[in-house]
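Modelling step: build the complete structure from the supplied sequences, incorporating the hints.
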Amino acid sequence: MRRKVILALVALVFAASTALGGTIKIGAIYPLTGPAATTGKELADAIKLAQDIINNKYDFNLPLAKSEGLPNLGGAKIEVVIADHQGKPDVGLSEAERLITEEKVVALLGCYYSSVTKTASLAAERHKIPFLNPESTAASLTERGFKWFFRTTPNDDTFSENFFQFLNDLN
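Per the working numbering, the very first residue in the sequence shown carries number 2; after that it's consecutive.
Simulated from the structure, these hints should not be mistaken for lab results.
Wrong hints could be hidden among the right ones.
Heads up, simulated DSS-like pairs for lysine-lysine below, C-alpha to C-alpha not over 25 Å straight-line [claimed, not checked]:
#	residue 1	residue 2
1	LYS129	LYS105
2	LYS78	LYS49
3	LYS58	LYS78
4	LYS89	LYS67
Structure, rendered in structure tokens:
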């Protein structure tokens, strides 16, 4: 999971435009309160870990761990601003708007809940910034024809197909 988060952040960083050697600000929207707060906090912690690995030099066998910052962008650092959508689609939309317009993030990541991803990604599409979604699974999210929405996880239909194929293979 951590590797996926790191790769997701890298994808967002390269999609974002910035001055070489500067700071790239990315917004992450997760449920830090509410019914899925434990999962949201774990995802936020994984993102903070990825930020630390990218921004500092470590002797780990992970992408971007052995250099400080992003080597292809002059050592640019990333700064992740994490917002709480509370498991509510309307809050997710307002937090996405706030991150884009007030925090000046150049990309968004999240939201764990498909219903929140649906609303928050509207803001990214409207402002023409990348929205990377590594965990929401509703098939409808990628059927909207958005140019700025990217998902790295299978959708519900794929999960179902794979599950039934697994059951079939057991026989």
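Quiz item: Regarding the pair LYS78 and LYS49, is the alpha-carbon distance no greater than 25 Å?
Solution: Holds, at about 13 Å.
Quiz item: Has the given pair, LYS89 with LYS67, been kept, meaning a C-alpha gap of at most 25 Å?
Solution: Violated, because 39 Å separates the two Cα atoms, which is more than 25 Å.
Self-check item: Hinted pair LYS58 and LYS78, Cα distance within 25 Å
Solution: Judged against 25 Å, a Cα distance of about 12 Å means the pair holds.
Quiz item: Within 25 Å, alpha carbon to alpha carbon, are LYS129 and LYS105?
Solution: Holds - the C-alpha atoms of LYS105 and LYS129 are around 13 Å apart, at most 25 Å.
Of the hints listed earlier, the one the structure fails to meet is number 4.
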